[in-house]
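Trainee: Take a look at the letters that make up each chain.
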Amino acid sequence: MLSSDHVRVRRKGDELILPAFDKKRRAAAVALATEVILAGRECQGARRRALEEALAAIECRPSERRMVEGLGKLLLDRCEIESPQAVDVAALRRAVFERAANERRTLADGVPLDKQAVLGAVGAAFGLEPQAVDEALYSDLPSEARVVRVPEIPPEALADEYERSARQAILLKATRVTADVVCRSPGAYRALFGKLKFRRLLHRIERTERGYRIVIDGPHSLFDSVTKYGLSLALVLPALEAADELRLAADLRWGRRRERLTFRYETRGAGDAAGPAMNDDVSALLQAFSELETSWKVTPAARILDVPGLGVCVPDLTFTHQKSGRDVHLEVLGFWSREAAFRRAELATGGLPEPVVFAVSSRLRVSEEILDEKTASALYVYKGVMSPRAVERRLDAVHARLCAGQGLV
Amino acid sequence: MLSLRFSYGTLELHGWPAELPLPPGVRWDARAACHRAPASAYAPIVLGLGRDQVPFEDQARRYEALTHGLRVRREPRPFQERALVAWRKAQGRGVVVLPTGAGKSHVAILAIADRQRSALVVAPTLDLVRQWYDLLRTSFGTEVGIVGGGEHQVLPLTVTTYDSAHLHMEHFGARFGLVIFDECHHLPGATYQLAAEQCLAPYRLGLTATPERTDGREASLDELIGPIVCRVEIGEIAGSFLAEYETVRLAVELTADERAEYEAERATYLGFLRANGVRMNGPQGWSEFVMRAAQRTDGRRAMRAYRRQREIAFASAAKLELVEHLLEQHRADRALVFTQDNATAYAVSRRCLVPVITHQTKVRERSEILQRFADGTYGAVATSKVLNEGVDVPDANVAIVISGSGSVREHVQRLGRILRKREGKQATLYELVSGGTAETHTSERRRDHEAYR
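Chains A and B, in that order, are what the protein sequence lines are.
When the letters of the first sequence are read in order and numbered with the working numbering, they come out as residues 1 to 409.
When the letters of the second sequence are read in order and numbered with the working numbering, they come out as residues 1 to 453.
In silico BS3-like pairs for lysine-lysine, Cα to Cα no more than 30 Å straight-line:
(1) A:115 <-> B:362
(2) A:383 <-> A:297
(3) A:374 <-> A:323
(4) B:362 <-> A:73
Hints in this document: simulated from the structure, not taken from any laboratory.
Note that the structure is predicted; figures quoted are calculated from it, not measured.
Produce the complete structure using the sequences and hints provided.
Mentor: Okay, here's the thing in structure tokens:
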């Protein structure tokens, strides 16, 4: 990953601007990437230090220096680097310094240490010439390692990677990210919330006209604007970018003076579109249920149900009762872990804003009784494939409880 | 019932009674539907609940009472005893300021034995972690955990670095009742101070010889650890508890070639400053120079010139020759050679055939070098900055400072490496300065301390 030092940005008021990667800038990036790759190829087999020096020597305008350093960093990260050592260098050092210390102790006043004699004597024991001993002494330092292989990478690909990494580098200094996201499928939302949870980030969700606004930070952010969660926020960026539409605003503490700045970024349709497609079992249920004669109308779900402190439920389908207009959602847990089923039960009793039927495979050995009749939501345990009629019965039961004013909704 | 939980470096309060006023620092967290406070607020919150007789379930505290006391009980020196009493009087929260070499770590050992709680020691470098590890093991006769340098074992007595504490405190911050910040002047600052805030420990001890910081942030130590409860100056104990010492400044001349190159590079650098109106003695001088250098076509050349003229002054041929001579003169002593940068440290190592310790030296090799230095196998060790602080090398009696920053603290700390008291020990610090260069001003700045008067 790049650091903020690899990114050239400018300030406009209290905003941090990352210049757009327009045609001209991209062409310049590709040209510089070509030079970087060329420098890399020329140093194949040389020491790492030589490659670093070659990268530093690439001529460019002052405004392009950070980009060159960033491209160089990305190339170096992909290089195969080895520290081949014919001798045990640590043992060689130990022998040299011990012998030198002994020799020095026995010196007469005014007589300097005979270094060649020390290197010669130790070299003889290691089968090396004195000069080779001197050269090998610190050959295990990273800068002395050999660049064994420089990857074959097109300059365009390296330039594109730089563009993506630059945004992540900025988020390293973020204290909070506000993301307006629009996804076509619940699966994409589910993947996104899974990533947030994995990174131990906290969030607040609000419904917007077309999607959701997610405010992401960490536990300590309540007391101080800390960049401690910057790495997690940077790592979650690809998941946010996978949305069909993303509008992001990151609060930053930028530079040595940790100035409060905002970074804004928008992308539309640049992500991997819908995320995971609707599962086969869900689309089969959707199809079968649509063909039933029933008082429920089924559609792919478009809502996220957030229970602060407990988590998020991303339903797959929404059933609308045609008379009452009430919605009941269905989330298919299928063969997920038993723990997932119990977590959903926690959500249901912890205050889900709308009722959900959680469909769980009988293989998970979970009883429908874990959600009792006081809870608006319900569990549907199925064998093999989900039955639309069985789903309808759960929906009706939930609806009856809702109409009777029971439950925790 | 009200319950307290430790969650990623914060304290979650579930079921706070509506009629009870919120303690300072506690806020409602809509994201998690509970009240939340920094973990460091644990002690005042628990004390307040106890005072108001509010029943609560404490699921936060995961530290324990130590089952083992001191195995080796060493009689404290009077000022160490004074420090412990003062710290105890401040409810086990405070900073103790003692000169380097005066035995700060023994105050910490006494504090752990006094409180009998799981304790975490946070130290600035891996060398110090290793040293604390040895000290705690010997003192308490029990296994000690290490977090950092590739190790991650958390035990009732554990040592870690500031970097690792910042990274991992949110995970293990509830497991210690006492936290000790060694060289605690490192703690204030946006990054490291989170380690103190995310730790639940009710008892806190800070140790330093030099609490003052150039940015004035030492004031926040009060909140992060506690107030300064005891301060002993070097003059109070020099000779009796510290070794007698002298400091010798040696001016060396550049060779004719070095002088010509130095003047040429310096002219390039100063020319750039003048052309761009940068005043290096202003508070933003350095930042402005870096910014201008990045913006202008001739900026890279100016930055290179700046670095080169420093290199020439810092590692002139005459200095390296003089180091060789001093090592021969002190061949019966134990000498530490300090440099400002790694390149010079490695150059000294190659030229004088002495081992070197830099941040690139692996932990095992560092330990071995220090061990061999302590047992007399090696008579000298070169280092850049990693041995500046705390590392205990009791037999070292000669310090040769080839180059350094203008920091008073760094210079005092380097002197401290050779001040550990030994019978009949006379310590000497040599400071090598390239005459007629900007280094003479740097030297004046760093000697602005009582220890050099």
